[in-house]
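Kindly generate the complete structure, drawing on both the sequences and the hints.
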Amino acid sequence: MAEKITINPVTRISGFMEIDADIEDQSVVAAKTKGLMFRGFEKMLQGRSPFDAVYFTQRICGICSTAHSMASALALEEALNIVPSEQGRYLRDLLHACEFLQNHLRHFYQFTLPDFVKLPEDYPLFKTDHNDYRLPKDINDKMVNDYFESLRFSREAHQMLATLGGKVPHNHGIFIGGITSPVSADKIISIKSILYNIGQFIVEKMLPDVYTIGTFYPEYYQFGGGYGNLLSYGSFNNYKNLGTLYVDPLVYSNGQTSPFDPALITQEDEYAWFNENDEPDRNKAKAYSWIKAPRYNNIPYEVGPLARQWLSGEYRNGISAMDRTIARVLEAKKIVEIMQTLIDNLVPGVSMQKEYEIPVQSSGKGLVDTTRGALGHWLYIDNSEIAFYQIITPSAWNLSTQTNGMKGTGEQALIGSPVRDVTAPVEIGRIIRSFDPCVSCATHVFLSGKHVNTIQVV
Amino acid sequence: MKSLDCVSFQCPYQESRLKTTESLINRVKDEIAKDVRQKRNLVWLELNGCSGNTISLLDGQNPDFMYLLTQMTNMIYSNSLMNSGGNTAMNQLFDVIGSDYILAVEGAVSLKDNGSYNVIGRHNGREITGYEAVKRLGEQAAHVIAVGACASHGGVSAARPNPTQCVGIQDVLQRKVIKLTGCPCHPDWFMGTLAYLLLYGEPPLDNRDRPLMFYSITIHDRCPRRSYFDSGIFATKLGQETCMYMMGCKGPVTQIDCPIRQWNGHVNWPVGNDSPCIGCAQFGFPDAMEPFITYDTMRGE
Numbered sequence: 001m002a003e004k005i006t007i008n009p010v011t012r013i014s015g016f017m018e019i020d021a022d023i024e025d026q027s028v029v030a031a032k033t034k035g036l037m038f039r040g041f042e043k044m045l046q047g048r049s050p051f052d053a054v055y056f057t058q059r060i061c062g063i064c065s066t067a068h069s070m071a072s073a074l075a076l077e078e079a080l081n082i083v084p085s086e087q088g089r090y091l092r093d094l095l096h097a098c099e100f101l102q103n104h105l106r107h108f109y110q111f112t113l114p115d116f117v118k119l120p121e122d123y124p125l126f127k128t129d130h131n132d133y134r135l136p137k138d139i140n141d142k143m144v145n146d147y148f149e150s151l152r153f154s155r156e157a158h159q160m161l162a163t164l165g166g167k168v169p170h171n172h173g174i175f176i177g178g179i180t181s182p183v184s185a186d187k188i189i190s191i192k193s194i195l196y197n198i199g200q201f202i203v204e205k206m207l208p209d210v211y212t213i214g215t216f217y218p219e220y221y222q223f224g225g226g227y228g229n230l231l232s233y234g235s236f237n238n239y240k241n242l243g244t245l246y247v248d249p250l251v252y253s254n255g256q257t258s259p260f261d262p263a264l265i266t267q268e269d270e271y272a273w274f275n276e277n278d279e280p281d282r283n284k285a286k287a288y289s290w291i292k293a294p295r296y297n298n299i300p301y302e303v304g305p306l307a308r309q310w311l312s313g314e315y316r317n318g319i320s321a322m323d324r325t326i327a328r329v330l331e332a333k334k335i336v337e338i339m340q341t342l343i344d345n346l347v348p349g350v351s352m353q354k355e356y357e358i359p360v361q362s363s364g365k366g367l368v369d370t371t372r373g374a375l376g377h378w379l380y381i382d383n384s385e386i387a388f389y390q391i392i393t394p395s396a397w398n399l400s401t402q403t404n405g406m407k408g409t410g411e412q413a414l415i416g417s418p419v420r421d422v423t424a425p426v427e428i429g430r431i432i433r434s435f436d437p438c439v440s441c442a443t444h445v446f447l448s449g450k451h452v453n454t455i456q457v458v
Numbered sequence: 001m002k003s004l005d006c007v008s009f010q011c012p013y014q015e016s017r018l019k020t021t022e023s024l025i026n027r028v029k030d031e032i033a034k035d036v037r038q039k040r041n042l043v044w045l046e047l048n049g050c051s052g053n054t055i056s057l058l059d060g061q062n063p064d065f066m067y068l069l070t071q072m073t074n075m076i077y078s079n080s081l082m083n084s085g086g087n088t089a090m091n092q093l094f095d096v097i098g099s100d101y102i103l104a105v106e107g108a109v110s111l112k113d114n115g116s117y118n119v120i121g122r123h124n125g126r127e128i129t130g131y132e133a134v135k136r137l138g139e140q141a142a143h144v145i146a147v148g149a150c151a152s153h154g155g156v157s158a159a160r161p162n163p164t165q166c167v168g169i170q171d172v173l174q175r176k177v178i179k180l181t182g183c184p185c186h187p188d189w190f191m192g193t194l195a196y197l198l199l200y201g202e203p204p205l206d207n208r209d210r211p212l213m214f215y216s217i218t219i220h221d222r223c224p225r226r227s228y229f230d231s232g233i234f235a236t237k238l239g240q241e242t243c244m245y246m247m248g249c250k251g252p253v254t255q256i257d258c259p260i261r262q263w264n265g266h267v268n269w270p271v272g273n274d275s276p277c278i279g280c281a282q283f284g285f286p287d288a289m290e291p292f293i294t295y296d297t298m299r300g301e
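Read top to bottom, the protein sequences are chains A and B. Take 1 as the starting number for the first sequence in the numbering used here and just add one per residue. Take 1 as the starting number for the second sequence in the numbering used here and just add one per residue.
If you are wondering where the hints come from, they were derived from the structure by calculation, not from laboratory data. Quick reminder that beta carbons are idealized off the backbone N, C-alpha and C, glycines included. Please note that a few of the clues may not be correct.
[To be verified] Taking beta-carbon pairs under 8 Å as the criterion, some of the chain B residues facing chain A (in silico):
#1 R40
#2 A89
#3 S116
#4 D274
#5 Y295
[Stated by the list, open to error] No more than 27 Å apart at the CA atoms, straight line, and that leaves these computed lysine-lysine pairs for DSS-like:
#6 B/K237 - A/K32
#7 A/K286 - A/K4
#8 B/K39 - A/K187
#9 A/K365 - B/K237
#10 A/K127 - B/K112
#11 B/K29 - A/K118
#12 B/K29 - A/K286
So, in structure tokens, the structure goes:
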């Protein structure tokens, strides 16, 4: 007889989430991941000016706002038939890279570390609900220091972003054509010096810290893997002169790597709270989450740092909860290197902006890999207004509901994992946090067609 | 009498405004250290929003988040940052009722279907909506601070057609709510308001309950590009170093100190980045502030 456990809220993620799991013989035999907030951005965007999508869609998510400005700018460029200059791409991608660093630093230190490192319980925020802390005191103390020291570096990652983007969260830099403001030599050197310090911290503190956790919690290399299907829309790739600095659009399944084809993306809502007209319906009988079920070639895929590290060939140790966390930290180091290359290729004073005109009718898509994985914006313009807008976020891929008899990626990753104590199921939080869930992002969908590729993109 | 070497040729008014947050915070710290003042409990409640005010809080410096956590307050609850989860976390949240605490809220209250579009946890088996949580905690708190646009007036969460019937927290609370409009709220606006509460109680507020120390003067009145406006020199595209009024800048209607405070370590701000202010710190954002960007520079003529 299975014992049922429920965790709600799953804290140290962005947004609200519940996990239900059935435990038999100290092992997870069934699991549901549930996104518990909904706002309906696609509906709100209808009738607004297409130009406003860049700033409006950022408000989907406070921790990855820059990602949405990237995807919406790309979708608008396709719709307006604008090709950004390479300088525009370098600068825009630099802003985006700053967001990667902010996210990875905060996810590792503020969200992941407290699962494994005992923080000082004098502070109520750090009171804990389990006892599985294994680090010797001196190592634990060092990691507590690193938790606090990291705050400076994640903050400074955003300071770099604001230097080029005005402010953050919700930047004013990324736009059609690149970024708004030409870069200057003083800004370049300011970013370079901050980046140098962040790079030192990642190499000297963050990498050793993650491997230390792996050493003391080695069984997490053995579970939390799930299907092992990996997908990326491409990241820091396809520059005219620099080529691909990270990873091209690829998918990996059954041991085979193949090129990514956007026409194979679909999205279902069999178990999500939407009725047959795609209107939200919290009372739908078999539904259990606001998160729909994006699929590629009809099967669930994992997206994010491990997918990118694997597809680029940078890291192929394994697919597990611990590998996912290590891949995120390795990626932080990689992003610093990419940023250094982009900075070295900047030319100060180059203007990127024009007076743009909105066509009466057009459509576009913006597919880009962001911190948590593959992010897509699709839009249709009619009467020079937004007539349709659809967003599929990385966390929708990773935390999707089941459909066609197949569990979502995160759900599958939980199945088979041990739970030693059902009153303190620490394993479940550790596994699900390895995906860096962002429920604020994942659950705003309103108007999805069953098939994303029904939008004709010329 | 002050000696002459104290005389500065900088405008003392602007200088003192920028220092407000830091000086208030330092006094809180000193008094706590000297046991003149007890640390008070702080509950940070996230509702239907993007958690961007938590991220903005983490972006603060002097004071930073560590200082808030270790020196200024006993932080009791934050969905994004706390260790415990599940029922333990919910106990931690609701056990604070009955004691002295300050409540900070980010995100809007979703009213649709009894609040079920925003469930923030499960307490003893029962779903807790954001609506229920803010009602229970809000009425009992010593002070309530709405942090950011969504908590202050619904913000983007309530953008038309407002699919989940979002409202600001004032609409569901029969009490004074201090409103820190902004998308997100600048960390200094929150920290400075909190420090004022800790030291002196409620700060002087405008007629819609925003602290005057941050919200009294429009962006337009302190804009470094004001001379371009006065001379009629207007930008026609982004990236130009002139006045963006004709491109939709909302500086003339937005009362906030961005031009002198700036963001993220005080390094930049939207107008400084050659893009228009979109009025995110003013009531009515976003619907009343659109279009954010327009190239129709002859509008209104």
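Structure-based check of all given hints:
no.	hint	in the structure
1	R40	violated (12 Å)
2	A89	holds (6 Å)
3	S116	holds (5 Å)
4	D274	holds (4 Å)
5	Y295	holds (5 Å)
6	B/K237 - A/K32	violated (49 Å)
7	A/K286 - A/K4	holds (18 Å)
8	B/K39 - A/K187	violated (40 Å)
9	A/K365 - B/K237	holds (24 Å)
10	A/K127 - B/K112	violated (34 Å)
11	B/K29 - A/K118	holds (26 Å)
12	B/K29 - A/K286	violated (53 Å)
In this structure, the hints that do not hold are numbers 1, 6, 8, 10 and 12, in rising order.
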